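Engineer: Listed below are the residues making up each chain.
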Amino acid sequence: MRLQFILALGFSSSLLSSCIVDSDLPLPEGEPQIVVNSILNPDSLIKVQLTRTRPLEDSQPFEVIENATIKLFENGVIIDTLFYEDNGNYLSNRKPKETYTYKILISGPDIKLDIEAEDTVPVRPEFSVCFGKTISQKALTLYDVTVYVELYNLNENQFHPWVEFISQDYNYDYRGNDTTKLVTTKFSYIDSNSPSLDDFNATFDNFNGFSEYAFYLRLSDAFGNSPLVNIEVIGGIGINNQSSRLFRYDVLSNLIKEQALSVNVYNCSPAYDKYLKSTMQDFVNNEFLGTPLPFSGPVKIFSNVKNGAGIIASYSAKSQRVDKFKCN
Amino acid sequence: MLHVKLSLWLVLILLTLSSSLAQQYTLSGYVSDSDSGEKIVGANISISSLKKGTITNEYGYYTINLPIDSIVVEFITLGYEKEFARIALTKNTRLDIELKFSNILQELTVTPDDENDIVSSTQMSVHRIPAQVIRKSTMLLGESDALKTLQLLPGVKSGNEGFAGIYIRGGTPDQNLILLDGAPVYNVNHLFGFLSTFNTDAVKDVVLYKGGVPARYGNRLSSVLDISLKEGNAKTTQGTFSVSPLAGRYTLEGPVKKNVSSYIISIRRAWLDAFSAVLFPGDQKTAYSFYDFNFKYNHTINAGNKITFGVYTGRDKFYSRFKSGSEKSEYSFRWGNAAYLVRWNKIFNPRVFGTFLGYQSNYNFIQESKTISDLIRQYRGVKSKITDRSIQADFEYDGGSKSKIRFGSKLSFLGFAPEVQQITGSNIDTVLNKEFQEKSLNFELYIEQDLKLNPNLFLNVGLREAVYAVQKKNYSILQPRVSLTYLLSKATSMKASFNRMGQFLHLLTNSSIGFPTDLWVPSTNKTAPETSVQYALGLSHRMTDRNLEASVEVYYKTMSNLLEYRDGANYLFGSKNWEDKVIYGEGSSYGAEFFVNKKKGIVTGWVGYTLSYTDRKFAEINEGKKFPFKYDRRHDISVYANYNIRPQKSFSMVFVLASGNLATIPVNSYQGLLPPNYSLTPRFQSGSYLNDFVNQELVIERNNYRLPLYHRLDLNYQTSKTTKRNNTRTWIFSIYNVYSRLNPFFLYQSEGRLKKLTLFPITPSVSYKLDF
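One line per chain: the protein sequences are V and A, in this order.
Per my numbering, residue 443 is the first one in the first sequence, and the count goes up by one each step.
Per my numbering, residue 23 is the first one in the second sequence, and the count goes up by one each step.
Some hints could be false.
Derived pair list, reagent style DSSO-like, types lysine-lysine, alpha-carbon separation capped at 27 angstroms [as the list claims (entries may be wrong)]:
#, chain 1, residue 1, chain 2, residue 2
1, A, 746, V, 748
2, A, 639, V, 545
3, V, 489, V, 513
4, A, 74, A, 648
5, V, 716, A, 778
6, V, 716, A, 74
7, A, 548, V, 716
8, A, 647, V, 748
9, V, 716, A, 647
10, A, 74, V, 748
Ranges between beta-carbon positions, derived for each pair [to be verified]:
#, chain 1, residue 1, chain 2, residue 2, range
11, V, 570, A, 730, 52 to 62 angstroms
12, V, 600, A, 550, 21 to 31 angstroms
13, A, 710, V, 556, 36 to 46 angstroms
14, V, 473, A, 351, 48 to 58 angstroms
15, V, 543, A, 605, 48 to 58 angstroms
16, A, 391, V, 760, 42 to 52 angstroms
Please keep in mind that the hints were generated in silico from the structure rather than gathered at the bench.
Note that this is a predicted model, so its numbers are computed, not measured.
Think of the CB as a built atom: it goes at the ideal place given N, C-alpha and C, for glycine as much as any other residue.
One chain only, chain A, in its complex shape (with noise of 0.2 angstroms):
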C-alpha cells in the first residue's frame, strides 16, 4: 500500500514538474466591479488573437501566460460590460480591471479555458448559483434560501417538505462539506431545519461540487458546497433593510479607506417570539427565536497582499416557561454556530498566488431544564459540542498555457464533547459523560493539476492525503481525483471523472430534519472513516444561437463505513456512550442527471431530470439485506424559471415534480408470542396491556412503501422603484405551494389508518425590502 501511494504521489509531482518548465510573460490582476470594488468570481480573461483565455479564481485573482506580442484583452462577464485593454506585453504585466454593471444583455465570448462553460470545463458535476438567482426562487415565509434553491438541481434531493437539508447523489447531509468563506458550518439549520443559516442578502456566491470533487477540497463523501459572502463595498457605503413575515435583516457595507478596506455587516434575526408573547400572554410561554451575524473586513495592504477578517455567529432559542405559585421552571434548547476566521492573499510572483487561512468553527448544543422553588433546586444540562481549529496553505500555480497546479496543506484540531450532561439537585451534583470528550489530529496535504493534453483533450488530475490521529489510532486516507474532458466539437465535449473521498466525522441523527440534538462525533479506534469512491460519464452541450447549455451525467458511487442508529437507540433514551448506539454498514447510489440550462435572455432559468437509485446494507437491519434509502427518489423534476419583465420588475416561478419518499409501514397484522413469564409482569396482570407482544404487525422489508407523488408550484413577483431619496425599495410577493398540494411532512398510523401530517399547504407572504 506504501508502494502504491509512494507512486502515486511521485507521478504527480513529476507531472507538475514537467509542465512547469515553459517560460512566458505573464499578465495578471484582479477583476472586480466598478461601482463597490467587489472582486468578481469567474469573469473570462480572453486573447482573441491567441485563442487563449483565462479565468478569475475564488478571489477574483487572474493570471495568464502569452508570447510577447501586442495583444487585445478582452474582460467579459455575466451581467457587465465588455472591456478592452490593448497591452504590449515585454515583461510581467500587473493589469487590474473594474468592470461596470450593466442591465444590457450581451453575448458572452466562450474560451477554451473558461471554467463556466460546460463544454470546455474539465470539471464535471459542478453549479453555480448567483445570489441573484437564489433570491428570486424558492420562498418560504418570505425568505428565500440558498439551500432550498439547491434542492432544485439535478442530483439534489431534499429530505422532508419545507426543510433545507440536501441529499446529493444519494449521501447524506453531514456528507455534504459546506464552507463559508473557506471555514466549514457545522450544523445549517435555523428553525430546526426550515431555513439554512445563510443570510441571502451577504451572500455572493455558491459553487457546488456533487461529484469529480477537485483534490484541493477534503473530508466528505458526497459533495462541495463552496459559498462566498461579499466582500463589502469598497468604494461607497450602501445598505439593505428588509422585512418578512419570518424575520428581519439589516445589511451594512462600505469603504474604511476607499479602494484599500472595507467592511460588511450583516444581521438577521426572527421575530416568532414577539407573536408568542402575544399569544401566551400567561404564566405559560413557549417561545422561539434565532438570529445570525455576519462581519467581514478586507484590507489591501499592497498591490501583492490583502488580508481579511471574517465572523459569523448564529443561534436558535427555543423554550417554555412555567410558573406556578413560587415554583418556577423553564426547559429550553439553544444551538447556534460561531465561526472566526484570518485569510491573507499573497501574491507571491505574477504566477504564483497563494491564500493563507486560519480559522476557529463550533457548533454547540444545550438543552436545559431548571426547576426553581422555595423546597427544589433542580438543574440539568445536555451540551454537545465540536471545534474546529484549522490553519492552511493554498497556492496557485500558473505553469503556462497547458498547465496550472494547485497544492496545500491542512492541519486541523478537533475536539468533540457528545452529550456530556451536568445534573444538579438536592442531593446531587454531577456531570456524565466527561470521558467521552474526544480530540483529535487531522492533516491534509494535496496536489491538483489542471492540463491541456492537446487541443482537445484537459485533465484535472489530483491527489489528496488525510492522515487523523485520535485515541492513540492513526488512519490515512489516499484519495485519487481524475477528471478528464474531450471536446468532440466546439459544442459537445464528453466528461469523466473518478474521485475517492474520506470522512472522519459522523453525523449521528435520527431524522432528516435537522434536529439539533443530531450529534457529530469522530471517527475513533472503533469507528473508522467513512469513504467512497464515484464514477461519473457525462455530455455536455452549448446552443450559442438559444443561449442553451445541455448535459447529461450518470454516476455510480459507492459509501463504505457509514453509521446509523440503532433500531430503538436514540437521544431521548440515551445509554452510556454514543458508540454502543451504533450500527454500521454500507451504501450504494446510480443514476443519470438531465440539465437545461439558460443564462441569458428576458426568461432565464433551467429544468432539471434525475433517475436515481439509492440502497443502504447493514447487517442489523433488514436481516442484513439490502434496503433503499428513504430518500431513494427514482424520478425528480424541477423548473425554475425567471422572467425579466422588465429591469425592474421580476416573475420567478419553481416547479416540482418527484416520486415520494420511502417509509417503512407494515402490511398486515398477526398474532405474535408472549415472551416467556410475560404474564407476571404488572403491566399485563393490571390487564390494560393483553396486546402487548400478541397484536404483532408485518413488516415485509425496510422502506417498502412509498408515499405519494411530491409536487407542488411556487410563484415569486418582484417590483422596484427609485425613491426620491435615491433608494430602492423592493416588493417581493411569493406564494409557496401555490394550488395547496397536501404533500407529507410526516407519517403516522392511528386506529388501523395510515395519516399523513402537512406543514405547508398554500403559504403566501410579502417581504418588503429597502436598498440605501
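Chain V extracted, bound-state conformation (with noise of 0.2 angstroms):
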C-alpha cells in the first residue's frame, strides 16, 4: 500500500510540474536608423522615400523624414537635388538610363551622418515566349497549356531576372466561383520543373510531381552566365482554389480583346536581386501561410545603404503576351 501510494505521488507530481512554461524577455535595443527606399527603372521618375525605423512593438505609422537634403549623382557627377514631394517622398523630374549608376547622398538637421547608396541600372531583358499543349500529363489532369519562356544573352548583360506571370480581365473570382467578373490577377503559384530555376520560393508537389513557385519565378545562380535559359512552365494559379487555374490550351486562341495572359521579365541589378531574394525568403518562411514555418528564423534583408537601411535598387523590365504566340 505504501509502495503504490508514493508511486502514484511520484508518478502525479513528475507530470504536473514538468508543464510547459510562457514568459516574456526583453527586446534587444537598436539605434533608430533612416530607412532609404527607391526603385530606379528606366520608365519611371526619380523617387526617393525617407522614413525611419520604429521600435518591434510600436505599431505607429512609420516616421516620415521631410527636411532632408537628397542630392543625385550619375555616373559620378552631380545631376539634381531631389525636391520634396509628401509622404516622405522626394522627387527628380529625370528618369534613370539603363547601364548608367545611380548615386543619391542624403543629409540634413535630423541626419547625423551622411547617407549614401548607389546602383547601376541593368539593360532590358531579351526574352521570347510561347504556348503549348502539356506533353506529359501528370496525376491530376489540371493543366492542359505549357508555357515557354526563353531568355537571351544573359552572359551578356548579367542578367538577374525574375519572372512574373499575369492574367488580365480572365473570368477568374479570387473571391469565390463567380466566374462571370472579369479581373487582372498576378499569378501567386507558377508551376514548373525546369532545372535552371533557383526554388528558394517554391514547395514541391507530391501528388502533381512538380514544384510551385511563390510569385515569381528566379533563376538559379548557376545559370547566369548562360547565353541561353528555356523555362518550361506548366501552369499556375491564383490563389489556393483547385478549379481556378491558368488559362486552358483552347481558350487561348479565343480570348476576347481585353485579355490576355502576360509575362514581364524583370532584369535587377545584382543589389535589387539580393533585396528580393531575402524580402521573398522571410516572406515565405514567416508570412505566406499565415504562421511561421517552424524553427525559420527571420531573414536579414539585404541592404547597399551606408550609414541607414532601405534599399536603392534598379530594374529594367520588359513585357510579352504569351496568348499571341502558339509553339511551332
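Dock the two chains into a complex; use the hints.
Structural biologist: Below, the structure written as C-alpha cells:
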C-alpha cells in the first residue's frame, strides 16, 4: 500500500510539474535608423522615400523624414537635388538610363552621418514566349497548357531575371466561384519543373510531381552566365483554389480583345536581386502560410545603404503576351 | 601530395619496426570482477620494483614486457581490493586475475604508464565516466542519461534545455562518433531528444575523446564517444527491475556455462502511451511510446579466443488517430536504430591482441499519413534510411616497455535513402526520390604508436587514411594525429596534440532538437567531405594528498565543408533534392577548459569551466560575414558532487551556470518595398495582407541576441536496503531544476513582444529499483 502511494505521488508530481511555462523576455534595443527606399527603372521618374525605423512593439505609422537634402549623382557627376513631395517622398524630374550608375547622398538636420547608396540600372531583358499543349500530364489532369520562356544573352548583360505571370480580364474570381467577373491577377503560384530555376520560394507538390513557385520564378545562380535559358511552365494558379487554373489551351486562341496572358521579366541589378530574394525568403518563411514555418528564423534583408537601412535598387522590365504566340 | 602521404606512412612504419626489436618476456592476461566475471577496463598492473606498469585495454586484457626476474605484480583499480601476485618470470606467462569489489576506498598507486592518470597519460582531452556516476547525476523524470552527464564536462555543451544532444568544442552532434560496443549509432534520441538511447542499466563504461583523438578512431570531426555495455555476469544470475515516471526497465544477466559464456538482456519501455489512453479515451487518440532492447552473449572458446554477439534495437512511435463516421485517419512518426554485431577477440601471442568486428547498423525514419473510408483510400509515406555494414580488424602489439603499437583497417558499405516518398491515392500510385538513394564504399587504414622517448617524454603518433568512393568519385583524407606529454615533475605534465579529422557523412537538421526527420546524407560528387584540424595544449596536475586532479587545456579548431540548410529550405517544404537545399561553409572554435576532479573519498565529483568562442561562415548567410554559432556560450560552469553518506545512501547535486545560447532577433521594424506588381496578387487585393513586405524587421546580423543566463540545480538522493530475500531495493528521489529557473527552450515573437517557452520548471520524480 505504501509503495503504491509513493509511486502514485511520484508519477503525479512529475507529470503535473513538468508543464510548459510561457514568459516575456526583453527585446534587444536597436538604434533608430534612417530608411531609404528607392526603385530606379527607366520607365519612371526617380523617387526616394525617407522614413525612420521604429521599435518592434510600436504599431504607429513609420515616421517620415521631411527636411532632408538628397543629391543625385549620375556616373559620379551631380545632376540634381531632389525636391520634397509628400509622405517622405523626394522626387527628381529625370528618369534613370540603362547602364548608368546613380548615387544618392542624403544629409539633413536629423541625420548624424551622411547616408549614401548607389546602384547601376541594368539593360532591358531579352526573351521570347510561346504556349503549347502539355505533353506529359501528371497524376491530376489539371493542366493542358504549357508556357515556354526563352531568355537570351544572359552572359552579356549580367542578367538577374525574375519572371511573373499576369492574367488580364480573365473570368476568375479569387473571392469565390463567380466566374462571370473579369479580373486582372498576378499568379500566386507558378508550376514548373525547369532545372534552371532557383527553388528558394518553391514547395514540391507530391501528388502532381512538380514545384510550385510563389509569385515569381528566379533563375538559379548557376545559370546566370548562360547565353540561353529555357523555362517550361506547366501551370499556375491565382490562389489556393484547385478549380481556378491557368488559361486552358483551347481558350487561349479565342480570348476577347481585353483578355491577355502576359509574362513580365525583370532584369534586376545584383542589389535588387539580393533584396528581392531576401524579402521573398522572409515572406515565405514567416507570412505566406499565415504562421511561421517551424524553426525558421528571421532573414536578414539585404541593404546597400551606407549609414542607414533600406535599398536603392534598379531594374529594367519588359512584358510579352503569351496568348499571341503559339509554339511551333 | 602523394609524396607527402607516402613519406608519412613510411616514417610511421619505420618507427614501428625500430621499436619492435626489443626482446623480453611477456606477462599478460585478463583482469575481471570476482563476483561477475565482468572484464575490468583500465585496471592498473604495476611492478614497483621495476617502476613499470600498464593498464588493461577496453576488453580487460593487459600485456607487459619484463626482464627475467622474480617479481611482485600489483593489480589495482578503483572500487576493488588490491591483489598481489609473486612470479618468477622465466618465460612468457599468462596470468588472469579476479579482483574483489570493495567499498573501502584505498589509495591508488599511479604508475607512469597509467592511461587513467591525468598526468602521465599521453592522451589529452579525454574523460572516462563510470556507469555509477551516470546513475547518480542529472535525472529528468526519473531517468538518468549518459549524454546528459557528459554535458557537465568542460568543452561539452548542451543544446536546448532538457535535450541530450552534445556539442563538443564548437562542433555539432553529427560530428560525434558514438560507438556502442564498437558499432556506430546514428540517432541517439528517444522522445524527440529528451532522452538518449542508452539504457544506463546496461552501460558499463563511457569514454569521451574531445580532441587529440587517437588514429584508431575516425570518420567524425569533433569527438569520439565510446560506450561499452556490460558483458553479463559469468558466475551467477542476477537482474535489475526499475520504474520511473517515464519508463520501466528490466535487465537480466547470467552464465550460460559458468566462467565460459554469459548473456545480458536489457529492456526499457516508456509508458506515455498508457497515460494518453486515459487522457484521450474517444475517437481521437494521440500517443507516444518508445522501447530499447540490448542483448549480448559472450563465449570464451579457450584462453586465447573469445567471441561476442550483440544486438541493440530501439524504436520510437508517435501517432495521432482520428475516427469520424466511416473515415479513419492516422498520422504517425516512427524511427529507430538497430545494430547487430559479432566480435572475435584473439590473443595471437602474448604480445599481440587482435579484435575482429563485423556489424550492421541501421537507422530509419518513417512518416506516414493514411486516410481510409468507403470513398477514399489515401496513403503518403516518407522514409529515410541509412545502413552501415562494416568489417574491421584491430591489433595491439606490445613492443616493449617503450612502445605499444596499434594498427588496423575497416571496410564499410554505406547505403543512404533520404526522403523516399510513396504516395497512393485514387488515381496515383508512385514512389518519388528513388533516384537519390546512394551507395558508397569506405576503406580506412590506421597505425598508431605509443612511444616513451625518454623517462619524461611520451608520444602517441598515428596516421589514418580514409578512402571513400561514391558516384564514380573517390575522396581520400589523410589524417595525422600526434599527442605529446612531457613530465615537468611527478605530479605535473604538459601536453600538446594535433589532429586532422575527416567525415563523409552529414546530418541535415533544422534545429538542435534531434528530430527524427534529420537526414543523414553522404558526401557526393557535389558535396565534399567535412574536415577539421585541431590543436590543443594542456597542463595537468595531480594533488595526491587531496585526491584531486586538475587540468587546463586550450584548443583551436577549424572546420571546413560544413553543411547547412539554406534559409527557408526545410524538411516540411521539401524540394526536389536535398543537395539543392544546402549551402557549404566553414567554422572555427577556440577556448580554454578548466577541470578539477575528485575521484576518491566520501565526496567525489568535479568542477568544470569552459571559456569558448565558436563561429561559422557561409557565403549565403549574414552577407557572407562570419557570425557566432548558435551555441557559442562564452562561459560554462558545471559542478557535480556526490556525497556517500553510507555505503547504501548517497546524495548528489548538479549545478550548471552558463551564458545563454544565441538567437537571431530583429532590433527594429522599418518600411520595406512591395515587389513588382505585388498589388495585383489575389492576396493583396483581398485586403487582408497589406502589410506583406511593407513592414519589415531589421536584422542586424545572425545570432545577434544572447539569451539570459542559463542556470539550474538538480538534486538526487538514493537509498538502498537489502531485503530478507537478499535483494537490494533502491529508492531514488530526484528534483530537476530545484528552484524552478525558467530557462528558455524556444523563443518566438508575438504582438511585438519577445516570448520564451520553458519546458521544465521544477520537476521532481521518484524512481524505484530492485536488484535481485
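Engineer: Please go over all the hints and tell whether each is borne out by the structure.
Structural biologist: Here's how the hints hold up against the structure:
A threshold of 27 angstroms between alpha carbons decides the hint, and for residue 746 of chain A with residue 748 of chain V the separation of about 81 angstroms lies outside it, so the pair is violated. About 30 angstroms separates the Cα atoms of residue 639 of chain A and residue 545 of chain V, which puts this hinted pair outside 27 angstroms; it is violated. Note on residue 489 of chain V and residue 513 of chain V: the hinted pairing holds, with a Cα-Cα distance of about 12 angstroms set against a maximum of 27 angstroms. For the given pair, residue 74 of chain A sits about 51 angstroms from residue 648 of chain A by alpha-carbon distance, which is inconsistent with the 27 angstroms threshold.
Between the alpha carbons of residue 716 of chain V and residue 778 of chain A the distance comes to roughly 32 angstroms, so the proposed pair goes past 27 angstroms and is violated. Of the supplied pair hints, the one linking residue 716 of chain V and residue 74 of chain A is violated, its CA atoms being roughly 67 angstroms apart against a limit of 27 angstroms. Among the hinted pairs, residue 548 of chain A with residue 716 of chain V is consistent with the structure: their alpha-carbon atoms are about 24 angstroms apart, no more than 27 angstroms. With a C-alpha separation of about 17 angstroms, the suggested pair residue 647 of chain A and residue 748 of chain V falls inside the 27 angstroms cut-off, and the hint holds.
For the given pair, residue 716 of chain V sits about 15 angstroms from residue 647 of chain A by alpha-carbon distance, which is consistent with the 27 angstroms threshold. Pair hint residue 74 of chain A plus residue 748 of chain V does not hold up; C-alpha atoms about 70 angstroms apart against a cutoff of 27 angstroms. Between residue 570 of chain V and residue 730 of chain A the beta carbon distance is about 58 angstroms. The supplied range of 52 to 62 angstroms therefore holds. The given range of 21 to 31 angstroms is respected by residue 600 of chain V and residue 550 of chain A, whose C-beta atoms sit roughly 29 angstroms from each other.
At about 40 angstroms, the CB distance of residue 710 of chain A to residue 556 of chain V agrees with the hint of 36 to 46 angstroms. The given range of 48 to 58 angstroms is respected by residue 473 of chain V and residue 351 of chain A, whose C-beta atoms sit roughly 52 angstroms from each other. Between residue 543 of chain V and residue 605 of chain A the CB atoms are about 30 angstroms apart, so this pair departs from the stated range of 48 to 58 angstroms. In this structure the supplied range 42 to 52 angstroms holds for residue 391 of chain A paired with residue 760 of chain V, their Cβ-Cβ distance being about 44 angstroms.
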